Amino acid sequence: MLGFDAQQIGRTVLEDNPVKASRGGWIFSAKQPDPLGNRDLRQLYDQLSPGYQGRCTAPLLVDKKTRKIVSNESSDIVRMLNEVSLGMKKEEKTLNLYPAGLEKEIDDTNEWVYHQLNNGVYRCGFSTLQSAYDRASADVQNGLDRCERISEKQDYLCGDCFTEADLRLLPTILRFDGAYAPLFKAGGAHCRIGNFPAIERWLKRCWSLPGVPGSIDLPDACSSYYKQLFPLNPGGIIPTPVTPKALGLVE
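In full-length UniProt numbering, the protein residues as written are 1 to 251.
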């Protein structure tokens, strides 16, 4: 999407395996081993940042030359990669996720999208009081309603071009029907993306952009919630996963 090739920025996809992981659940698979030789994400953090006491999370941006962690905050990583991309000489024009003149609108959109949707779905899933769940679920429903109203009038959240705001919303919408609605009860018992036709059109529009379909393994992304979250799924039953075809994204 930003015009990087594999030589400029490599990508290693982690495997969700809490049994084999020393901590946190994420391991490097035989198909995609760690370029620095570690077995799991915890070991990588220990190697690159000895004494680190925080959570071992992904995504993780690593400078392989200096062997240092650049960032493990997804929003910062997106902003950094966008700036680097804009400074590169490329034959084909690529997206600018944070274009001049839209900075404030993007920042404002990011704020409510995070509160109502990105974080709202998790507040639904991990609520331990009915009142807390009701507030979180209302936030999710209101966030989806707001996205629907915006998408009825324009192609993307901040106008006629795909920006960082759309990128940050996209994973939540892609995983909504497969994990957040059924497992987290996000937005209420009958809330599904199919209830929002303008969001469905927005989702198809985003999916058609170069690089997007290859950026996520949707069945695996949704199934991992059922595997990892024992308190929410004590039986360990994994439903038939949502696929791009089931969402109407491919023929």
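It is possible that some hints are incorrect.
Cut-off 27 Å, straight-line C-alpha distance, at most; resulting in silico cross-link-like pairs (BS3-like, lysine-lysine) [stated by the list, open to error]:
id	residue 1	residue 2
1	K31	K185
2	K204	K104
3	K68	K31
4	K104	K64
5	K227	K245
6	K68	K20
7	K65	K104
8	K245	K185
9	K204	K185
10	K20	K227
11	K31	K245
12	K204	K245
13	K31	K64
14	K20	K31
15	K68	K104
16	K204	K153
17	K65	K31
It should be emphasised that the hints constitute simulated quantities derived from the structure, not laboratory data. On a predicted model such as this, the values are computed, not experimentally measured, just so you know.
Hints the structure fails to honour: Structure breaks hints 1, 4, 7 and 15.
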